[in-house]
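Go by the hints and put chain A onto chain S.
Those sequence lines, one after another, are chains S and A. Heads up: the first sequence begins at 289 in the working numbering, then just goes up one per residue. Heads up: the second sequence begins at 690 in the working numbering, then just goes up one per residue.
It should be emphasised that the hints constitute simulated quantities derived from the structure, not laboratory data.
In the DMTMM-like style, the derived pairs of lysine to aspartate or glutamate whose C-alpha atoms are separated by at most 25 Å in a straight line are:
1. A:Lys-742 x S:Glu-331
2. A:Lys-876 x A:Glu-888
3. A:Lys-742 x S:Glu-318
4. A:Lys-742 x S:Glu-332
5. A:Lys-742 x S:Glu-322
6. A:Lys-876 x S:Asp-298
A few chain S positions that, by computed beta-carbon distances, are all more than 12 Å from chain A:
7. Ala-341
8. Leu-344
9. Cys-345
10. Pro-346
11. Phe-347
12. Ala-348
13. Ala-349
14. Leu-357
15. Trp-358
16. His-362
Note that the Cβ used here is the ideal one computed from N, Cα and C, for glycine as well.
For reference, the chains in residue letters:
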Amino acid sequence: MNTDPRNPDDPLAALFRAARENTGHLDRIEYGFETRTLARIREERGSSSLAWAVRLCPFAAALALMAGLWAWTHWEESPDGDSVADAVRLAGVPLLDYYLGSEQ
Amino acid sequence: MIATTFVWHNLPHGLTADKTPRMSDAVPGDHALVRATLAGDDSAFSEIIHRHKGRVFGTCSRFARDAHQLDDLCQEVFLRAWRRLRTFRGDAPFEHWLARLTITACYDFLRRERRHRGHAELDDSLFEMRDTGIDAAIAAGRARDLLDWAMRKLSAEEKLVLTLLELEERTVREIATLTGWSEGNVKVRAFRARARLREIIERSNEH
Numbered sequence: 289m290n291t292d293p294r295n296p297d298d299p300l301a302a303l304f305r306a307a308r309e310n311t312g313h314l315d316r317i318e319y320g321f322e323t324r325t326l327a328r329i330r331e332e333r334g335s336s337s338l339a340w341a342v343r344l345c346p347f348a349a350a351l352a353l354m355a356g357l358w359a360w361t362h363w364e365e366s367p368d369g370d371s372v373a374d375a376v377r378l379a380g381v382p383l384l385d386y387y388l389g390s391e392q
Numbered sequence: 690m691i692a693t694t695f696v697w698h699n700l701p702h703g704l705t706a707d708k709t710p711r712m713s714d715a716v717p718g719d720h721a722l723v724r725a726t727l728a729g730d731d732s733a734f735s736e737i738i739h740r741h742k743g744r745v746f747g748t749c750s751r752f753a754r755d756a757h758q759l760d761d762l763c764q765e766v767f768l769r770a771w772r773r774l775r776t777f778r779g780d781a782p783f784e785h786w787l788a789r790l791t792i793t794a795c796y797d798f799l800r801r802e803r804r805h806r807g808h809a810e811l812d813d814s815l816f817e818m819r820d821t822g823i824d825a826a827i828a829a830g831r832a833r834d835l836l837d838w839a840m841r842k843l844s845a846e847e848k849l850v851l852t853l854l855e856l857e858e859r860t861v862r863e864i865a866t867l868t869g870w871s872e873g874n875v876k877v878r879a880f881r882a883r884a885r886l887r888e889i890i891e892r893s894n895e896h
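The shape of chain A in the complex, shown without the other chains:
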């Protein structure tokens, strides 16, 4: 019988899937890492973070405005994952479970932001984008700034659905799964959000 034991947490982090698989290179799956974390192994959770942080950072960067906020938001995602790890049943890939947690954390972040900001004036750094048209913003390489400025006027739901649909390029079905909304609801919210965004940008150009 071939021995399949390994010391997974001593493996280099740069191990990639395209390496030729050998028994000695066996890397534990996410489920094994979850079990190890639940048994009290912190290094197993460190490995989970290492594997999935790229995707979490990618999604969260669509919502956070600066590096500090982004770091906080991503830490919040992994903290929530750690707290709720016992609720991971293992009948679906871990990354799907984590993606749902990420979206929930981002949605809560947007709502919190909205509540704290209220109807107060926007940041000075974004205020100059008011009079910039779409074409001019794209030409100046400031499409993201204009979009940030306009999207900050949307509700948390509107911003979430547009970000997932247009920036993350997820399908309606994926968004429905991630948010728990029905597909029809996602479509309606996306339609209204686009109309509102268009109106905000058009109105800013009229001034």
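Next comes chain S alone, as it looks inside the complex:
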């Protein structure tokens, strides 16, 4: 083969020339392209909102946990909390007696 790539008689140059002319028809492929691309963009926009929501999940969980802990500690300390605990304890005695069959 000829060694000069820019020589018009070079077989490789002839191959490139012939391939250049064979471009095919793109009209049919281009049909509706804008619609398809915009649909993908909207899809990505939607999924990026979801990605933000997923990213915020750990913070929301941490916040919920902290709120739960705060509520727990304050419930233990409050007088209302004691009265509720007492009520549960007292209500539990007759129920336990009923199941054990003990008579008073």
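What follows is chain A alone, placed relative to chain S:
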């Protein structure tokens, strides 16, 4: 004062530059469309796609092997453009910025293809091109098939530089701008790629 307002996105798509310009026919430039897209107007981006898809399809068709791949690749180009639209500074024509994005997307596509394919056997449809000489392939109208078959054996860089130089007929300077390689680098890569392509075709004819 003459009113210059217009509803650009209601204009017919077939509007061409050779039409006599009138104020009512004023078509927004690419920069205005970019600004409108960034402000959340999807129809502005649709117009951008409509204006530039021909060139993007032309370039991508040199790299994709079928219509499905071509469609995916072109969509990837415009998706990247949409994602990076804020990085368009507007000091150069939009089409230059988009051309660079197109070439980067095509290069990534070639590398991905190469990685997935590895050293596996080539497609059966192209395998028959192995024993076909250049002259016979040209005579049979299958120059593109022979070139596709031979170029699939090249690296992504080699295929990119030969496609831009020989099929897209771009200059060394243009390729350097598009790829970010130096002009010397482009020349060296092109020289090596041609030598390798020649060797691949010659060796296939010896079998």
